[in-house]
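Chemist: Assemble the complex: chain Y is given as a structure, and chain H must be docked to it using the hints.
Quick note, the sequences are listed as chains Y and H, same order.
The letter at position 92 of the first sequence is residue 92 when you use my numbering, and the numbering goes up by one with no holes.
The letter at position 32 of the second sequence is residue 32 when you use my numbering, and the numbering goes up by one with no holes.
Source of the hints: derived by calculation from the structure; they are not laboratory data.
Do not take every clue at face value.
[What the hints assert, rightly or not] Derived DSS-like pairs: lysine-lysine, alpha-carbon spacing no greater than 30 Å straight-line:
{"no.": "1", "chain 1": "H", "residue 1": "Lys-56", "chain 2": "Y", "residue 2": "Lys-128"}
{"no.": "2", "chain 1": "H", "residue 1": "Lys-128", "chain 2": "Y", "residue 2": "Lys-56"}
{"no.": "3", "chain 1": "Y", "residue 1": "Lys-128", "chain 2": "H", "residue 2": "Lys-198"}
{"no.": "4", "chain 1": "Y", "residue 1": "Lys-232", "chain 2": "Y", "residue 2": "Lys-198"}
All figures in this text were calculated on a predicted structure; none of them were measured in a lab.
There are 2 protein chains.
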Amino acid sequence: MKHYQAWCFDLDGTVYRGETAIPEAVRLIGQLRDSGSRIFFITNNSALTPQMQAEKLMRMGIRAAPEEIMTSSIATAGYLAGQYGRMDVTMIGEEGLREALEEAGHRIVTEGGEAVVVGIDRQISYDKLAAACLAVSAGAPFIATNGDLAFPDERGLVPGNGAFAGLIGSVTGVQPVVIGKPESHMIAEIARKQGLRKDGMILVGDNYETDIKAGLRFGIDTLHVDTGVTRKEALAGHSEQPTYSLRSLSEWEI
Amino acid sequence: MKHYQAWCFDLDGTVYRGETAIPEAVRLIGQLRDSGSRIFFITNNSALTPQMQAEKLMRMGIRAAPEEIMTSSIATAGYLAGQYGRMDVTMIGEEGLREALEEAGHRIVTEGGEAVVVGIDRQISYDKLAAACLAVSAGAPFIATNGDLAFPDERGLVPGNGAFAGLIGSVTGVQPVVIGKPESHMIAEIARKQGLRKDGMILVGDNYETDIKAGLRFGIDTLHVDTGVTRKEALAGHSEQPTYSLRSLSEWEI
Numbered sequence: 001m002k003h004y005q006a007w008c009f010d011l012d013g014t015v016y017r018g019e020t021a022i023p024e025a026v027r028l029i030g031q032l033r034d035s036g037s038r039i040f041f042i043t044n045n046s047a048l049t050p051q052m053q054a055e056k057l058m059r060m061g062i063r064a065a066p067e068e069i070m071t072s073s074i075a076t077a078g079y080l081a082g083q084y085g086r087m088d089v090t091m092i093g094e095e096g097l098r099e100a101l102e103e104a105g106h107r108i109v110t111e112g113g114e115a116v117v118v119g120i121d122r123q124i125s126y127d128k129l130a131a132a133c134l135a136v137s138a139g140a141p142f143i144a145t146n147g148d149l150a151f152p153d154e155r156g157l158v159p160g161n162g163a164f165a166g167l168i169g170s171v172t173g174v175q176p177v178v179i180g181k182p183e184s185h186m187i188a189e190i191a192r193k194q195g196l197r198k199d200g201m202i203l204v205g206d207n208y209e210t211d212i213k214a215g216l217r218f219g220i221d222t223l224h225v226d227t228g229v230t231r232k233e234a235l236a237g238h239s240e241q242p243t244y245s246l247r248s249l250s251e252w253e254i
Numbered sequence: 001m002k003h004y005q006a007w008c009f010d011l012d013g014t015v016y017r018g019e020t021a022i023p024e025a026v027r028l029i030g031q032l033r034d035s036g037s038r039i040f041f042i043t044n045n046s047a048l049t050p051q052m053q054a055e056k057l058m059r060m061g062i063r064a065a066p067e068e069i070m071t072s073s074i075a076t077a078g079y080l081a082g083q084y085g086r087m088d089v090t091m092i093g094e095e096g097l098r099e100a101l102e103e104a105g106h107r108i109v110t111e112g113g114e115a116v117v118v119g120i121d122r123q124i125s126y127d128k129l130a131a132a133c134l135a136v137s138a139g140a141p142f143i144a145t146n147g148d149l150a151f152p153d154e155r156g157l158v159p160g161n162g163a164f165a166g167l168i169g170s171v172t173g174v175q176p177v178v179i180g181k182p183e184s185h186m187i188a189e190i191a192r193k194q195g196l197r198k199d200g201m202i203l204v205g206d207n208y209e210t211d212i213k214a215g216l217r218f219g220i221d222t223l224h225v226d227t228g229v230t231r232k233e234a235l236a237g238h239s240e241q242p243t244y245s246l247r248s249l250s251e252w253e254i
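The following block holds chain Y by itself, in its conformation from the complex (with noise of 0.2 Å):
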């Protein structure tokens, strides 16, 4: 089959479940590394670091460096930069949205922010979405890190970043520009920053709405895996297919 110079894979439900790797998708990244192929490993989690991320996975034994975590916060920090360059920012989230505006030079403020940043933020208060509010009616651009609206803890679904996002947007009447899957800026990202091109990349995920659809928007080749999210039989339904569906990552030859 194909050799790509970069694959990228979406995590959970495509090389883990829960806190559980799938060896499947374990022995392809294995043989993928040597066989030349760069590896990188993309979450629309905001709440991680990339260091974290990786501790993540090796805690899994699925081998893993945090120069191969693209997060949607380093793709939102990043988008920032270069839409606006370096901003005073008013920010929801935790300590990986915190470190990744920090590190491409914006400056994390209370209030008064020049933009508006939205991330999960399980520390959320009254306080902080009125702030937000009053940055976004007065102008400021307005960033979700992703627009999921729920996703599961043990107990059941409980509000994700994008129910959040959705608050400040019905309060303000502007809607947010998101950055995780299905929008493509995390595969532009690295992209950009490891000057890849299109045809050398590809994208293995199990959900058709985020994983696949971010690598048609940004076009490069797809692999979805029934592992997850999104059955076999129901990528029919779809108008876009993606490049490969595979039952299982066994099935990928070399």
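Modeler: Relative to the frame of chain Y, chain H by itself:
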């Protein structure tokens, strides 16, 4: 002009503006009391108890008794009791909602509520919102004291209760039952508690979209006054008209 047994006054924009009484309203309310009419005040504000709201009116020189105050919190507690009986309630809200629920015989619980009630809560937290989402997803009735997306504070528009109810709706896919204006639950609760007939009641308000619509929906006479949100000229654009529209409440003749 017609004598009404009971006058239901909206507050902000009708009886006062911000922290200042509107003298024409205060004068009319006094004349109506003298002529034997009963006075009620209705408010979407779920945070204040009737005692707190009456004290706020008294500080502005407006005579008011706690029994004359109908809040969205009281109507919510009454709606819940009427529909389901006494319940264990997962509450997001402040003192006005807490007191109203407890006085109606409900019990406030931190998790596993049989119903979810959402009012404005300046101490909102991720855990409160997650608990509400989990209970709604598990099938608990979902009630919002009002649907107001935003309200003005001294800095600008900040999030209202409806924005938080909307967040829970976007996570769970369930839309709340809304109690406050423009719904008619508060007026219905006054009529029920006081044994009033619809043809003896009138609603007075400045806002067509909330006050006048609530009166129209309940099927009582309505008086629009041009001292707040909706200008008299803007009424022409609506198919359903209030019974009366006045520049100022000084124009009403007892």
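Chemist: Which hints from the list above does the structure break, by number from lowest to highest?
Modeler: 3
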